[in-house]
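*Asks:* Listed below, chain by chain, are the residues.
There are 4 protein chains.
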Amino acid sequence: MQVAVATPGITAEAAAAACAAAVARAVSKGWRINVAVVDRGGNLMAFLRQPGAYIHSIDIAIDKAYTAASFGFPTRAWMGAIGHDDGMKLGFSSQPRLIVFGGGLPIPGTAGEGGEWIAGIGVSGASESEDEECARAGLAAIGLA
Amino acid sequence: MQVAVATPGITAEAAAAACAAAVARAVSKGWRINVAVVDRGGNLMAFLRQPGAYIHSIDIAIDKAYTAASFGFPTRAWMGAIGHDDGMKLGFSSQPRLIVFGGGLPIPGTAGEGGEWIAGIGVSGASESEDEECARAGLAAIGLA
Amino acid sequence: MQVAVATPGITAEAAAAACAAAVARAVSKGWRINVAVVDRGGNLMAFLRQPGAYIHSIDIAIDKAYTAASFGFPTRAWMGAIGHDDGMKLGFSSQPRLIVFGGGLPIPGTAGEGGEWIAGIGVSGASESEDEECARAGLAAIGLA
Amino acid sequence: MQVAVATPGITAEAAAAACAAAVARAVSKGWRINVAVVDRGGNLMAFLRQPGAYIHSIDIAIDKAYTAASFGFPTRAWMGAIGHDDGMKLGFSSQPRLIVFGGGLPIPGTAGEGGEWIAGIGVSGASESEDEECARAGLAAIGLA
Chain A
7 MQVAVATPGI TAEAAAAACA AAVARAVSKG WRINVAVVDR GGNLMAFLRQ PGAYIHSIDI
67 AIDKAYTAAS FGFPTRAWMG AIGHDDGMKL GFSSQPRLIV FGGGLPIPGT AGEGGEWIAG
127 IGVSGASESE DEECARAGLA AIGLA
Chain B
7 MQVAVATPGI TAEAAAAACA AAVARAVSKG WRINVAVVDR GGNLMAFLRQ PGAYIHSIDI
67 AIDKAYTAAS FGFPTRAWMG AIGHDDGMKL GFSSQPRLIV FGGGLPIPGT AGEGGEWIAG
127 IGVSGASESE DEECARAGLA AIGLA
Chain C
7 MQVAVATPGI TAEAAAAACA AAVARAVSKG WRINVAVVDR GGNLMAFLRQ PGAYIHSIDI
67 AIDKAYTAAS FGFPTRAWMG AIGHDDGMKL GFSSQPRLIV FGGGLPIPGT AGEGGEWIAG
127 IGVSGASESE DEECARAGLA AIGLA
Chain D
7 MQVAVATPGI TAEAAAAACA AAVARAVSKG WRINVAVVDR GGNLMAFLRQ PGAYIHSIDI
67 AIDKAYTAAS FGFPTRAWMG AIGHDDGMKL GFSSQPRLIV FGGGLPIPGT AGEGGEWIAG
127 IGVSGASESE DEECARAGLA AIGLA
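Protein chains in written order, with this note's numbering: chain A, 7 to 151; chain B, 7 to 151; chain C, 7 to 151; chain D, 7 to 151.
No lab work stands behind these hints, which were simulated from the structure alone.
Just to be clear, a hint being listed does not mean it is correct.
Since the list can't tell identical chains apart, any single copy or any two copies may satisfy a pair.
[Said to hold, decoys possible] Result set (EDC-like, lysine to aspartate or glutamate): computed pairs, CA atoms no more than 20 Å apart in a straight line:
id, residue 1, residue 2
1, 35, 136
2, 35, 122
3, 35, 65
4, 95, 136
5, 35, 91
6, 95, 134
7, 35, 92
8, 95, 122
9, 35, 134
10, 35, 139
11, 35, 19
12, 95, 19
Let's have the full structure, built from the sequences with the hints guiding it.
*Replies:* Quick look at the structure:
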């Protein structure tokens with residue numbers, strides 16, 4: 007019987023680099039954001055916040071990363087997936103830590119992880135599309151855009 | 007590398023004066039309210055409650071102040087901002103400590119703070135418009151109406 | 007009446023650099039840590055975690071930073087301060103988010119902040135003294151050792 | 007059958023005045039405190055905080071007021087009351103919202119309340135004796151020292 011299994015993860019170095027790049031993009035655009043990277047276990051790997059970024063958005067950024075790490079697709083896709091069904095819409099949107107609007111992206115693995123995503127990144131503080139632009143800048147900084 | 011950064015805050019004297027003025031307005035109108043002032047870090051600076059004001063509204067007042075201190079615009083503006091987008095509407099309305107109806111106002115700074123808001127004030131216990139009238143009376147008492 | 011007051015804070019750049027340096031120290035010693043920087047308002051500014059670092063220690067690191075940011079002295083000093091007094095010892099040790107053992111340090115300001123501390127850094131994952139060594143490495147990296 | 011009963015309470019005006027006087031005492035001594043008044047129902051009536059006062063002490067002040075409002079004696083008396091009994095000591099000190107060290111005082115009523123206390127005041131941010139000195143200044147300001 008096989009007992010142990012390798013699960014995909016992200017290094018501290020890459021998680022920090024992704025957060026720094028997301029903030030750099032926000033600085034260059036005049037936005038103020040919170041950014042988080044969460045691993046496949048849902049645990050925080052890295053976080054960075056600009057002074058004055060919305061304090062509600064601390065947890066929203068972490069939960070966008072959590073949502074993307076959990077399901078492996080962008081958080082912006084939730085409403086499209088459940089938008090036809092009011093029950094699903096209400097049910098999912100009230101789930102703790104599940105964010106159903108944009109700004110969270112899965113962090114894809116490379117060949118070694120067999121195509122699995124390895125973590126999630128979430129940004130909150132600007133608009134949905136601006137948040138996601140910052141998240142994509144984070145992915146680009148670690149060669150995964 | 008720049009390490010320290012100055013962030014805006016509110017004095018205890020001003021926070022107490024704003025709460026007292028909000029309650030005075032409620033007394034003059036026959037309403038019973040809770041009023042809170044929260045700083046930019048989300049921490050309570052001042053609070054005042056009339057005997058018999060709704061006990062649920064203690065936390066609602068604090069969270070209206072928290073929401074206004076976090077985002078820098080009146081809490082009544084939330085539904086207008088997100089009303090066109092079911093995902094945003096559902097997502098934001100279930101966020102802890104985020105109040106999406108009226109009664110919370112940011113407390114603006116003065117020239118020295120570079121236009122940044124310095125805190126938030128929240129009132130709960132009467133109707134939305136009455137709550138906001140009390141909050142505005144609080145701002146007027148500290149010269150920020 | 008004075009309404010606004012300037013309060014001290016820390017930049018995102020410095021917060022991230024302190025976390026990266028704390029992790030670099032842990033890597034060089036073969037330890038695995040979580041490190042957090044929290045501002046004076048108690049809000050998370052930066053966080054970094056090595057894969058495999060204890061998951062309980064995510065919140066312990068954040069709360070050590072929170073405790074140091076709140077009180078302005080090293081978390082290791084708590085038992086010395088309250089050790090003579092059973093009431094204080096029992097009372098303080100059961101306070102939420104208050105960590106009464108080592109690994110958290112205040113981040114001092116510079117001349118412009120009038121001697122005030124500007125944030126707190128907390129490390130958890132190794133021993134108390136190892137955690138604090140990593141926290142000091144974080145301060146050194148931003149010129150505040 | 008008698009159904010209704012009058013319970014003792016405190017006015018918003020008195021609660022605010024007590025908080026303001028406690029802060030005034032702290033300012034005159036160079037301390038930084040949080041002060042709270044809680045009614046007999048355990049609900050917050052007034053709160054005031056100096057900028058830079060310990061953020062942990064926000065809840066400690068409120069809980070000292072809650073403890074004094076609950077039991078009707080000074081919070082400093084807890085260790086004397088239970089200090090001979092390790093079981094009681096541990097049991098009580100881990101009760102949520104019960105603070106077993108000084109800084110909380112009951113607010114006595116006047117003749118009309120039949121000798122009952124009407125609320126509690128709690129101060130946190132300085133030493134136990136300094137906190138209680140501020141609380142007493144609060145009582146003095148409303149004619150109840």
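*Asks:* All hints, please: hold or fail.
*Replies:* Status of the hints after comparison with the structure:
1. 35 with 136: within (9 Å within a copy, 39 Å between copies)
2. 35 with 122: Close across copies (18 Å), not inside one copy (32 Å); limit 20 Å.
3. 35 with 65: The answer is neither: 22 Å in one copy and 32 Å across copies each exceed 20 Å.
4. 95 with 136: between (24 Å within a copy, 18 Å between copies)
5. 35 with 91: neither (37 Å within a copy, 24 Å between copies)
6. 95 with 134: both (19 Å within a copy, 13 Å between copies)
7. 35 with 92: So residue 35 and residue 92 fail the 20 Å test inside a copy (37 Å) and across (27 Å) alike.
8. 95 with 122: Classified as neither; 26 Å inside a copy, 31 Å across copies.
9. 35 with 134: within (14 Å within a copy, 36 Å between copies)
10. 35 with 139: For residue 35 and residue 139, only the intra-copy Cα distance (11 Å) is at most 20 Å; the inter-copy one is 36 Å.
11. 35 with 19: between (25 Å within a copy, 16 Å between copies)
12. 95 with 19: neither (37 Å within a copy, 33 Å between copies)
In terms of the numbered hints stated before, the structure departs from hints 3, 5, 7, 8 and 12, listed from lowest to highest.
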